[in-house]
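K.L.:
Chains as they are written, first to last, in my numbering: chain C, 1 to 204; chain Z, 1001 to 1330.
Treat the hints with caution; some may be incorrect.
As the list claims (entries may be wrong) - Partner residues are not named here, just some residues of chain C that face chain Z (Cβ under 10 angstroms, in silico):
(1) Arg42
(2) Ser77
(3) Leu84
(4) Ala87
(5) Tyr138
(6) Lys142
(7) Asp145
(8) Pro198
(9) Val200
Worth flagging that the hints you see were computed from the coordinates, not collected in a lab. Each residue gets a CB set at the ideal place from its N, CA and C atoms; glycine is no exception.
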Amino acid sequence: MRNITLLIQASHGIPIVALAQNHAILFDSSQDDTLHGSRDYRALLNAGLHRIGKQLEDISLIGCDIGPGGMGVTRTSAAFANGLSFACSIPLRPIRAFELIGAQVSLEHKDRPIVILRRAGRPYVHFGLFQAGKLHHYEHCKESDAIAQAQNIPDAIWAGNLERENIPAPILNVATAATMLALIEQHAANSNSERAYPIVETLK
Amino acid sequence: MSELILGIETSCDDTSIALVDRQGQIAAIKTVSQFEIHDAFGGVYPELASRAHLHAILPTIEDVMKDARIRPQDLKAIGVTRGPGLIGSLLVGLSTAQALSMGWNIPAYGINHLRGHLRSVELEEGKAEFPAVIMLVSGGHSLIAEMKNEWDYRLLGTTRDDSVGECYDKVARTLGFPMPGGPAIDKAAMRGTARIRLPRPMIKEGYEFSFSGLKSAVARHIEKEPDQNKDDMAAAFVASCMDVLSAKARRAIEECQPKSLIIVGGVSASPQLRETMQKIAQEYKINLSLPPIKWATDNGAMIAMATWDYIDRGIQPSLEPIPNLHLSTP
Ligand SMILES: [Zn+2]
Chain C
1 MRNITLLIQA
11 SHGIPIVALA
21 QNHAILFDSS
31 QDDTLHGSRD
41 YRALLNAGLH
51 RIGKQLEDIS
61 LIGCDIGPGG
71 MGVTRTSAAF
81 ANGLSFACSI
91 PLRPIRAFEL
101 IGAQVSLEHK
111 DRPIVILRRA
121 GRPYVHFGLF
131 QAGKLHHYEH
141 CKESDAIAQA
151 QNIPDAIWAG
161 NLERENIPAP
171 ILNVATAATM
181 LALIEQHAAN
191 SNSERAYPIV
201 ETLK
Chain Z
1001 MSELILGIET
1011 SCDDTSIALV
1021 DRQGQIAAIK
1031 TVSQFEIHDA
1041 FGGVYPELAS
1051 RAHLHAILPT
1061 IEDVMKDARI
1071 RPQDLKAIGV
1081 TRGPGLIGSL
1091 LVGLSTAQAL
1101 SMGWNIPAYG
1111 INHLRGHLRS
1121 VELEEGKAEF
1131 PAVIMLVSGG
1141 HSLIAEMKNE
1151 WDYRLLGTTR
1161 DDSVGECYDK
1171 VARTLGFPMP
1181 GGPAIDKAAM
1191 RGTARIRLPR
1201 PMIKEGYEFS
1211 FSGLKSAVAR
1221 HIEKEPDQNK
1231 DDMAAAFVAS
1241 CMDVLSAKAR
1251 RAIEECQPKS
1261 LIIVGGVSAS
1271 PQLRETMQKI
1281 AQEYKINLSL
1291 PPIKWATDNG
1301 AMIAMATWDY
1311 IDRGIQPSLE
1321 PIPNLHLSTP
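Isolated chain Z, as found in the complex (with noise of 0.2 angstroms):
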């Protein structure tokens, strides 16, 4: 058998357990989502996430181990989140990948959650070819940069503001549709057309994001005219997001001439964004690396994936929990 990495993903609201081999199968993998917690509270609620990730977390690692047939002693290492992300749920990651390490005579390793995103288009579906430009779109980061190698990267720009997947979910709210936001716009946009032109943010210059903008403009819209259309009004709003996607895109590429565009994080499950991205590669002829929609959100088998490159470079960072954690740092 070949050896595996326990991933633990705790860093917001769901509680993700996977096993993983050196080549990103996937032995086994659960994911705990909180999404009725915390759906009532319009958004994730701190402590009832880490109270829910103390209850579900043995369980869901005791069957994943099960499903895979997996001793401890079959265990390379445990990877786990230590940041970014929310400090309670962060804490109760790291303080049972702690008693394991211990009780299992294995190492733990303190796993940079962005650094798992990264690595997310391996998992299953094997290799992205480098140099690339990858986007991280998701609800909790944006961020675009150059990897020359599956370790090292540049990064050409963040946002300044909301995530885009924060923005889909405000909009969505604000459009009135039903939680998660993402899919609900996705689907409205199909329906509807952008008859209303919004603005697109820092279009025209540099790498970075602002997105804030935009959903107030959708705001104010629906302001003024509450009975618009709410399905021209979402495919405004993501025809505005995929002008500014593809712009930072088409100029990465330029600048960086990579053999790959690369998408993760949750957004990368839009239709649309797939659709614009895989028009750029086409134009650009390089190739486009997706990973499969259901690891392009949290999940475990990403901080699996990603304790490979740190146990390769002999980086082991400590348990302690970083709420903001960079890029920068391992």
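For reference, chain C alone in the conformation it holds in the complex (with noise of 0.2 angstroms):
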């Protein structure tokens, strides 16, 4: 039966490969020595598949991760989930990276607004801003910006890959597969054609 959901996360700079069937993760990449690390999809499919016994056939969706982030590594993964997706006709459901860290950090902080700060090109950032369950603002800005703008809200969590003297330590960089799940199952279905496009600044 057509049940398992494959999700890749990989803005962060390590892919995650992960399956999940009926909202439990039965696979995940990142927790197994032997494959962390790994940039081969096939390999890593093929060992999650191996590994819960089901087929290529059994998948039924497909989450991807797109950003912003690493640029090579999210375009990859969006080049393979984007191909499996048209080769073995599964929906895919794009999904933004800030979206995700911001439902994992609020979890254990929900009332708190979350700060996520992504490095990009010097001396750009990616600057998003989550709260009350939603992603309320993302732009790719001066990382000076950002900082200015993000000290003036109270009491924020800050997240993501920024480590500067002078502002709050990032708590963290990624979701768990059993975020992304919740999240993906959350997402509209939308058109059976939809593709994964990277999250990309705008050249300056």
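Relying on the hints, combine the two individually framed chains into one complex.
P.N.:
As structure tokens, then:
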């Protein structure tokens, strides 16, 4: 029966391939030392399918992280996810990395605003604000502008990968497979030909 | 229906997809150009190139399969460029090929782009005769080699700096011609007369090329005399390139005694080069093989064509991208 969900998260830098069924994660490549760090999506997916005793034909949905973040790694995972979606007619749902991170942090800090800052080509950063269960704001802007805005948000939790003096250390930069699954399941299904295109900054 | 290879070429700034059979007949091909995207930057902008590949690749594959009325199960394999090329662009092609290979349950071969060029002469127009002397002249590469058969070769020389095509583009820019520079230079050279004598770099020695000095010589002339006739300058430049390329070709023919001379790569579209090489081939009484002009530049068909050689030899390179892949590595 086709009821396996494939999750691919990569914009934080290290690809994670996970497989889920009935709202539960059955396989997570980040939990396996022999697979962790691999960028070979075919090998990761084959290992996962083998581990849970399923076939490619059992996959009924693909969730794919579209960043912003590492451009090369995000584009590679998107190309793979798109190709698989096309080849096997599996619906695909792209998901923004800042929604993933925001949802992950808010599990423990439900009522606090979450500032997400990810490095981009200097002097720019990706800046997001996640609040009350939603990504309220996203922009690609100068690091100094982002930090000035973020410092004005009272009681914020900081996430992402921007580590600098005089700003709070980010608490995390990646969501768990379970969080990603929950978000993908909430997302309304769009057309069957939806594809993943990474969020990229405007060239300046 | 004969078996087909799906060829995917995304090494630089064109997304090109083709379906090719063992005889080099093309069942369908589509190339999506990124020329307009990069024109404003005065060169290929790698980040924009890979972004554009990601958007173009699946619709192009879909179109080509529809054009040829091909189902995935009719495919023998996928061949995809793994280098040389821009890393971000290569990755889009390779990751897509990996997913299609998995989804359709057919093998995918990482193909050396240079081998694709070497085999482009076989597309549509049939067999080249071996042994051959082959010259690859394009915007990305310049090399001359002896090919014993369609697979085994001996590299005679490559460029020490700019490729021929790169030099054409840079000189076109210096002269204020529109891009793509090659055809603009060709046309101007036909109008002009080679009154100025430009250097012929490395004409007397071996098989190596070096075109950067020639490009600088043009720039110096223009700097000294900004008002001089651009067409004459283009003619002088082309005359110098032709002299160098023919000297290398003659040297190789005399040494290797081939049955044919093969010219591939984007610069083989140059009418002056075609004429020059035609004369040489006649003089030595050997065949001249030129790919149809449309297959001279980067395309998916040449990658598919080369894939047959890998299959025949049981070579299945990984889908790892190698941006500076050398001809010696399959
Ligand atoms: Zn090329």
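K.L.:
Hints the structure violates: just list their numbers, smallest first.
P.N.:
As far as the earlier hints go, 5, 6, 7 are violated by this structure, in ascending order.
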